[in-house]
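Residue-level listing of the chains:
Number of protein chains: 2
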Amino acid sequence: MKAIVTGAGGFVGRHLVERLLAQGYRSVTVVDRSFPDGFCSDEPRVLRLVGAIEDQAVRTEALARSFDVLFHLAAVPGGAAEADPPLSRQVNLDATLDLFEEAAAAARRPRIVYTSSIAVLGNQLPDPVLDSAPLDPAMAYGAHKAMAELALADMHRRELVDAVGVRLPGIVARPPAPSGLKSAFLSNLFHAFRQGEAFTSPVSSAATFWLMSVGQCTANLAHGAKLDASLLPRNRTVTLPAIHCTMAALVAAVAHATDRSPQLVRYEPDAALERDFGVQPALVAAAAERAGFAADNSLAALVERVLQEL
Amino acid sequence: MKAIVTGAGGFVGRHLVERLLAQGYRSVTVVDRSFPDGFCSDEPRVLRLVGAIEDQAVRTEALARSFDVLFHLAAVPGGAAEADPPLSRQVNLDATLDLFEEAAAAARRPRIVYTSSIAVLGNQLPDPVLDSAPLDPAMAYGAHKAMAELALADMHRRELVDAVGVRLPGIVARPPAPSGLKSAFLSNLFHAFRQGEAFTSPVSSAATFWLMSVGQCTANLAHGAKLDASLLPRNRTVTLPAIHCTMAALVAAVAHATDRSPQLVRYEPDAALERDFGVQPALVAAAAERAGFAADNSLAALVERVLQEL
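One line per chain: the protein sequences are S and H, in this order.
292 is the number of the first residue of the first sequence in the numbering used here; add one for each residue after it.
292 is the number of the first residue of the second sequence in the numbering used here; add one for each residue after it.
Excised from the complex, chain S in its bound form:
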C-alpha cells in the first residue's frame, strides 16, 4: 500500500504515519507546512513535501506520486477557523474540494479517507446522538467540514473516488502547545496530572464529552484505508464511536492512573465553552461499528493508553 497523508506534521498525522509504516506501507508521502525536527528523516519509505494544501503546486506534486489511499487530515482547526472564517473556507472547503477533484484525476477512483469532525453536528445535539442526527454545525469549522462531507459523498456517487469519511470526537492528548483547538483543555488535563501541576478546568465537573485516544484514532483511520466500502452508508461518512464520560469521571481516571489527587483540579466553568464542548449526550455510532470502527475499550483503557503515548 502507498499513501499520501496531508496534515502529516500535525498531532494525529504524525501518529498515523508511524502506524502506516508499522503496518508495512511501501511508501507514505507526507505533506504539511512544517514538520517536527527529524520527523521520519531516516525512513526511506517516507517522501516529505513541505507546503500548504491551498497551494496548487503542492497538491500537484503530492498527487504525482503513486498512491492507493489519500488521507486528508490538513485543516484549519475549530478555534482558528472561527477566528478567520475566510481562511477556513480557503483551506477546509475550497482547497479540500480541489484536492479531492485532483486526486480523482490523478488516480483511478482512489480511496480517500477524510477526517471530518463531530463539529458537523453542532452544539444542540439530540439525546442520544444516532446516525440520523442532522448536519447542524454551530461553527464555521463544522460548516465547512459538513460541506466537504457532502462534496465527497457526491464524488463517490459519481464514481470518481472511493470515499470514507470519519467524524472524529475529541482526540487526546495533544501536545501542550497552542493548537487552535478550543477543546485543547481536555489534553492539557493529562499534561497537568503528568507533571503534578494544578489544573483549572474551563468546564464543570458535570460536563460530558466524547473522547478517543490518538492510538485508537489512527487505528480507525488505518482501518478506513482497507475496509470493505460496501459496509458504509450512502453518505460514506460515519460518526466514530467514542468513550462518553463526564469531566469528573475523566479527572478521577487520570488522577488514579497518575497516582495524584483529583484535588489538583479547580473548576471555573466558561459558559460558552461548556455549551460548545461540554454537553455531549450518549452516542450510538451504529453505522461506524458495522463498518468495523471502534472506540477505546474503556475510560480506564483510554487514560492508560494516552499516558503511554504522552
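Derived by calculation from the structure, the hints in this document are not laboratory data.
Nothing here was measured: the structure is a model prediction, and the numbers come from that model.
Using N, Cα and C, we set each Cβ at its ideal position, and we do this for glycine too.
Heads up, some of the hints might be wrong.
Negatives, chain H to chain S, calculated, CB over 10 Å [claimed, not checked]:
{"id": "1", "residue": "GLN314"}
{"id": "2", "residue": "LEU426"}
{"id": "3", "residue": "GLU450"}
{"id": "4", "residue": "PRO467"}
{"id": "5", "residue": "ASN526"}
{"id": "6", "residue": "ALA546"}
{"id": "7", "residue": "ARG557"}
{"id": "8", "residue": "VAL575"}
{"id": "9", "residue": "ARG596"}
In silico SDA-like cross-links for lysine to any residue, where the CA-CA straight-line distance does not exceed 20 Å [said to hold, decoys possible]:
{"id": "10", "chain 1": "H", "residue 1": "LYS473", "chain 2": "H", "residue 2": "ARG557"}
{"id": "11", "chain 1": "S", "residue 1": "LYS473", "chain 2": "H", "residue 2": "ARG448"}
{"id": "12", "chain 1": "H", "residue 1": "LYS473", "chain 2": "S", "residue 2": "LYS473"}
{"id": "13", "chain 1": "H", "residue 1": "LYS517", "chain 2": "H", "residue 2": "LEU451"}
{"id": "14", "chain 1": "S", "residue 1": "LYS473", "chain 2": "H", "residue 2": "ARG449"}
{"id": "15", "chain 1": "H", "residue 1": "LYS473", "chain 2": "H", "residue 2": "THR537"}
{"id": "16", "chain 1": "H", "residue 1": "LYS293", "chain 2": "H", "residue 2": "GLN314"}
{"id": "17", "chain 1": "H", "residue 1": "LYS293", "chain 2": "H", "residue 2": "GLU373"}
{"id": "18", "chain 1": "H", "residue 1": "LYS293", "chain 2": "H", "residue 2": "ARG448"}
{"id": "19", "chain 1": "H", "residue 1": "LYS473", "chain 2": "S", "residue 2": "ARG449"}
{"id": "20", "chain 1": "S", "residue 1": "LYS293", "chain 2": "S", "residue 2": "ALA313"}
{"id": "21", "chain 1": "H", "residue 1": "LYS473", "chain 2": "H", "residue 2": "ALA398"}
Footprint (simulated), chain S over chain H, 3 or more residues, beta carbon under 8 Å [claimed, not checked]:
{"id": "22", "stretch": "330-344"}
{"id": "23", "stretch": "380-389"}
Given the coordinates of chain S, assemble chain H onto it according to the supplied hints.
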C-alpha cells in the same frame, strides 16, 4: 424596498420581478446572462445588468446598487449540473458563496432570499417527509445547493446576513424551451394539453410529485423578503409546502381544465427519471407554514393558475 435579483431573466426570476414591481418596490436590479427581448425595458425602476454571477465584476457592479434584499436565483439547473459538475461547483457553490460574502460586505446584514431545492433531500425520501428529513442529495445540483444552505446558515449565525432559504418543489409551467431541468416534462404536460397535442409521459401514472405554480412560488419568495425572521428554524432554510399529487391526478386535472381527453397521454416510464422525480411521498412542511409560506390552495387551483400564466 430595493431588491437585487440574480437569475432574473429565467422563468421564476421574470415572474418574481413582475411581482416585486407590482408590490411597489422602488428599485429592482436584475442580473442575468441574458434577458427576453423587451424585458422591463419601459420600467424605470428596473436596472438591468447583463453578465454571469461567476464574473466578479458583475457581482461587484450589482452589489454597488443600494439594496434591502438580495434574491439569489441564478443557478445551473439539475440536469445541466449533472452533465457538468465542475460548472455546477463554479456557479452553484463557489460564485454563490462569493456573492453571499460580497453582499455581506456591501450592506449591513442584508436579507438574502436563497432559492434552494428539494434536490437537497435526494431520491430516497422518508415517508412522510418532515422538516427533520436529512440532507441526502443524489445529484451534484442537490449537493451544491445543500452546501450553499450550510454556508448561508453559518453566515447568518455570524450575523453577516439575514438569511431566508426556501427549497423549491417542481415549479410549473416553465416555457417549452429546453431548460436543463430533468423535471421539465411536468411543464410540457400543460403545454401539450393547451395545444391539444399527444403527450408521452416519462413517468408512470402512479408517480407522485410536489408541485407549485410559479405564481405561488413568487408569492413565497416575496414573502421571504419581508417575513419576521425569528419565525425561521436555526438553519434558516425551509422546505416549501406543495401540492402532492399523482401523475394520473395531474393529467385528470389538466384535461378537465382544458376540456381535453386524458387519453392524450401515453405512459412510457423511464425507470431512472421515475426514481429521481416520481417517488415524492407526503410532505409536512410545518416549519415553512409557521413562517407564513404556503402551497397552492388545491390541485385544481394550481392547474387553473398555471393555465392562466401560460
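Hints and how they fare:
no.: 1; hint: GLN314; verdict: holds, 33 Å
no.: 2; hint: LEU426; verdict: violated, 6 Å
no.: 3; hint: GLU450; verdict: holds, 12 Å
no.: 4; hint: PRO467; verdict: holds, 30 Å
no.: 5; hint: ASN526; verdict: violated, 7 Å
no.: 6; hint: ALA546; verdict: holds, 38 Å
no.: 7; hint: ARG557; verdict: holds, 32 Å
no.: 8; hint: VAL575; verdict: holds, 16 Å
no.: 9; hint: ARG596; verdict: holds, 34 Å
no.: 10; hint: LYS473/H - ARG557/H; verdict: holds, 19 Å
no.: 11; hint: LYS473/S - ARG448/H; verdict: holds, 18 Å
no.: 12; hint: LYS473/H - LYS473/S; verdict: violated, 45 Å
no.: 13; hint: LYS517/H - LEU451/H; verdict: holds, 18 Å
no.: 14; hint: LYS473/S - ARG449/H; verdict: holds, 18 Å
no.: 15; hint: LYS473/H - THR537/H; verdict: holds, 18 Å
no.: 16; hint: LYS293/H - GLN314/H; verdict: holds, 11 Å
no.: 17; hint: LYS293/H - GLU373/H; verdict: violated, 34 Å
no.: 18; hint: LYS293/H - ARG448/H; verdict: violated, 24 Å
no.: 19; hint: LYS473/H - ARG449/S; verdict: holds, 17 Å
no.: 20; hint: LYS293/S - ALA313/S; verdict: holds, 13 Å
no.: 21; hint: LYS473/H - ALA398/H; verdict: violated, 36 Å
no.: 22; hint: 330-344; verdict: violated (count 0)
no.: 23; hint: 380-389; verdict: holds (count 3)
Hints 2, 5, 12, 17, 18, 21 and 22 from the list above are not met by this structure, while the remaining hints are.
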